[in-house]
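Sequences and hints are given; from them, build the entire structure.
Protein chains: 2
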Amino acid sequence: MENFNFYSPTYFVFGKGRENEVGEWINRFGGLKVLLHYGGSSAVKTGLLDRVKASLKKNNIAFIELGGVKPNPRSGLVYEGIEICKREGIDFLLAVGGGSVIDSAKAIAAGALYDGDFRDFYCGKEVEKALPVGTILTLAAAGSEGSDSSVITLENGMLKRSAAGDALRPVFSILNPELTFTVSPYQTACGITDMMAHVMERYFTNTRGVEVTDRMCEGILKAIITEAPKVLAKPDDYDARANIMWAGTIAHNDICGVGREQDWATHKMEHELSGLYDVAHGAGLAVMFPAWMKYVMPHNVMRFAQFAVRVWGCEMDFQHPENTAKQGIERLEQFLVSIGMPIRFAQLGAKAEDIPTLVKNMQPGNQTVGSFVKLTEEDVRKIYELAV
Amino acid sequence: MENFNFYSPTYFVFGKGRENEVGEWINRFGGLKVLLHYGGSSAVKTGLLDRVKASLKKNNIAFIELGGVKPNPRSGLVYEGIEICKREGIDFLLAVGGGSVIDSAKAIAAGALYDGDFRDFYCGKEVEKALPVGTILTLAAAGSEGSDSSVITLENGMLKRSAAGDALRPVFSILNPELTFTVSPYQTACGITDMMAHVMERYFTNTRGVEVTDRMCEGILKAIITEAPKVLAKPDDYDARANIMWAGTIAHNDICGVGREQDWATHKMEHELSGLYDVAHGAGLAVMFPAWMKYVMPHNVMRFAQFAVRVWGCEMDFQHPENTAKQGIERLEQFLVSIGMPIRFAQLGAKAEDIPTLVKNMQPGNQTVGSFVKLTEEDVRKIYELAV
Numbered sequence: 000m001e002n003f004n005f006y007s008p009t010y011f012v013f014g015k016g017r018e019n020e021v022g023e024w025i026n027r028f029g030g031l032k033v034l035l036h037y038g039g040s041s042a043v044k045t046g047l048l049d050r051v052k053a054s055l056k057k058n059n060i061a062f063i064e065l066g067g068v069k070p071n072p073r074s075g076l077v078y079e080g081i082e083i084c085k086r087e088g089i090d091f092l093l094a095v096g097g098g099s100v101i102d103s104a105k106a107i108a109a110g111a112l113y114d115g116d117f118r119d120f121y122c123g124k125e126v127e128k129a130l131p132v133g134t135i136l137t138l139a140a141a142g143s144e145g146s147d148s149s150v151i152t153l154e155n156g157m158l159k160r161s162a163a164g165d166a167l168r169p170v171f172s173i174l175n176p177e178l179t180f181t182v183s184p185y186q187t188a189c190g191i192t193d194m195m196a197h198v199m200e201r202y203f204t205n206t207r208g209v210e211v212t213d214r215m216c217e218g219i220l221k222a223i224i225t226e227a228p229k230v231l232a233k234p235d236d237y238d239a240r241a242n243i244m245w246a247g248t249i250a251h252n253d254i255c256g257v258g259r260e261q262d263w264a265t266h267k268m269e270h271e272l273s274g275l276y277d278v279a280h281g282a283g284l285a286v287m288f289p290a291w292m293k294y295v296m297p298h299n300v301m302r303f304a305q306f307a308v309r310v311w312g313c314e315m316d317f318q319h320p321e322n323t324a325k326q327g328i329e330r331l332e333q334f335l336v337s338i339g340m341p342i343r344f345a346q347l348g349a350k351a352e353d354i355p356t357l358v359k360n361m362q363p364g365n366q367t368v369g370s371f372v373k374l375t376e377e378d379v380r381k382i383y384e385l386a387v
Numbered sequence: 000m001e002n003f004n005f006y007s008p009t010y011f012v013f014g015k016g017r018e019n020e021v022g023e024w025i026n027r028f029g030g031l032k033v034l035l036h037y038g039g040s041s042a043v044k045t046g047l048l049d050r051v052k053a054s055l056k057k058n059n060i061a062f063i064e065l066g067g068v069k070p071n072p073r074s075g076l077v078y079e080g081i082e083i084c085k086r087e088g089i090d091f092l093l094a095v096g097g098g099s100v101i102d103s104a105k106a107i108a109a110g111a112l113y114d115g116d117f118r119d120f121y122c123g124k125e126v127e128k129a130l131p132v133g134t135i136l137t138l139a140a141a142g143s144e145g146s147d148s149s150v151i152t153l154e155n156g157m158l159k160r161s162a163a164g165d166a167l168r169p170v171f172s173i174l175n176p177e178l179t180f181t182v183s184p185y186q187t188a189c190g191i192t193d194m195m196a197h198v199m200e201r202y203f204t205n206t207r208g209v210e211v212t213d214r215m216c217e218g219i220l221k222a223i224i225t226e227a228p229k230v231l232a233k234p235d236d237y238d239a240r241a242n243i244m245w246a247g248t249i250a251h252n253d254i255c256g257v258g259r260e261q262d263w264a265t266h267k268m269e270h271e272l273s274g275l276y277d278v279a280h281g282a283g284l285a286v287m288f289p290a291w292m293k294y295v296m297p298h299n300v301m302r303f304a305q306f307a308v309r310v311w312g313c314e315m316d317f318q319h320p321e322n323t324a325k326q327g328i329e330r331l332e333q334f335l336v337s338i339g340m341p342i343r344f345a346q347l348g349a350k351a352e353d354i355p356t357l358v359k360n361m362q363p364g365n366q367t368v369g370s371f372v373k374l375t376e377e378d379v380r381k382i383y384e385l386a387v
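Chain order of the listed sequences is A and B.
Sequential numbering from 0 applies to the first sequence in numbering that gives the first Met the number 0.
Sequential numbering from 0 applies to the second sequence in numbering that gives the first Met the number 0.
Just so you know, the hints here were simulated from the structure itself, not pulled from any lab data.
Since this is a predicted model, take the numbers as computed values, not measurements.
What you were told as hints is all true, and nothing was included just to trick you.
If chains are identical, the list can't say which one is meant, so a pair holds when it fits in one copy or spans any two.
Once the Cα atoms are required to be at most 30 Å apart in a straight line, the calculated DSSO-like pairs of lysine-lysine come out as:
{"hint": "1", "residue 1": "Lys-128", "residue 2": "Lys-32"}
{"hint": "2", "residue 1": "Lys-128", "residue 2": "Lys-56"}
{"hint": "3", "residue 1": "Lys-293", "residue 2": "Lys-229"}
{"hint": "4", "residue 1": "Lys-373", "residue 2": "Lys-15"}
Pasting the structure below:
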């Protein structure tokens, strides 16, 4: 096991009706003037935004609204938010939505306390201070409600880039599974794929002696695999939605990833896909993860056999472990298909002829990507080709 | 799943040599004058205390020492610590030791900011404020380094009682597995039993629809069962010690317990045992947990069958699930024996004739104990008798 720091200070406020407490929670964390950040019309239509505003008013909290966050959130709106914060003396960011809204809020929170261009944080500079961010989650997927990171599409070039720092961890996150009842089956499945990917990026590691986190990764994946068909069959199954929602949070607050080298090559490859085609992140991951696995499996057959046996309940083939290893990847593909995910380029609308562009945008150059196997440009090209 | 709040703000600083950073961490959390709290001579003999003091001096942090904490920490030393804090203007508690030292430090931290008798917190009053507590853990067991609770033996009557509140969560905890290399096999096994008990108190619940936490509980137990024989066979097996140490922390910061009714009857019954006989808490739990399980198993045979199959790898007897359920309890007992734990009263030095005193000290009166099965005085008596 490697040395690590683990810090997850977010106050998670979980359950039915908890969004009505939002004003009290902002008070607790000292917010007086809030930027209320959200996406499209669904938060308005469902009445959620009205309930949020009622709670803010009841607690004498001033607020300015900034809606319009799109999936794969853009830098343009972030600049607008930063300008409002600076001009109006905003001291608290409230994100109402999914990972895109929360990531956009985090970018604004960091930019509001920074004299330079916020893009610096998305080009490698660590975020050391930011306005406090609170969230009300409406989509179980990205785990941004408990993470220290944020992903933004920088519009000049449509490059999807990430920033990180403890200052980006939300001070509170309100998670009411009922708010996810209306999420479409496709978006639900994208979210499920995203949270599984967050666990798998941590699971495939070269670090030895990490049994506790291995077992946690496997347990969370098994729970997701059990609960996913339930939410798709019955979108208002509270307990199933609750399990999926909580799984999405702990899949990405790093409790599954401590003390081990993590990979993240698949995320980087996917970011180029969704940056270029504006497809859903989860759908892109469904295409890229099995391709990555097929390519890197020979690097550690027993690791993939463990994945197959412990997560998917495959029988171990003791004479030919590589058969078991392959079976695990097949089971993942079958599962993704069963929840309605694409697993090939064409299903995404991506094109083989764009592979050189995808590889070029990632700019690995002489640098490699990932750590389970350190991928060169050539490796990355081959993995994209496996996904065609 | 039930509504819940989850809040674990402790900064966990894990790995080799990390105790040498302690002064920097106290600086980060604003400590200027520290009460350095520890137990017996082992922290002195191993040179740990000298390294801690060197780090404090290097960071210009003043400190006063208060050693002498005993296992099952007593109220007398807590009063002494509170008096020192008030007199000397202490603003930070540093606990160097195991759960007893940390619990004693938490009691002092709460008492130092309270005008009344600190015992109030151990008789039901919530702790709302306390001095910040940092810890350097030397024993993987109690989980106090990440928990919101503290257990103290109130010397007037030798009653072991607990206090809780978010203010008791340490601001940082330094966990270096190397510091546990010298822990004796018996104390190591007591710690392993304690952390398993912390998971099991949460696992046996009447709450339905908690698959994610079920799987996490099962995963952590499996990891402990795998790693325990390794640390006993080779006390300086770093990775095994590291897994056991981290398991002990997450077994009790409540990540395994969210959204569900928890039990804790066995801990209450054990507290009376270790209060009366001053035995190790883990050893008392090894005696009481199987007895509790045998008594309550008929309440939910399938829950115990799940425990047997998923945690212990038993084959499910689909015709007679109660056989599988019983097998799980037997496997737990066998495991406890294999790591050198007692499983009967006599092995502890406890006496059957004291059972009326144990029941009386627990004072359930008309109140019941636990939640999986709400135990009456009569039930508690029968469980103690099963442990004889």
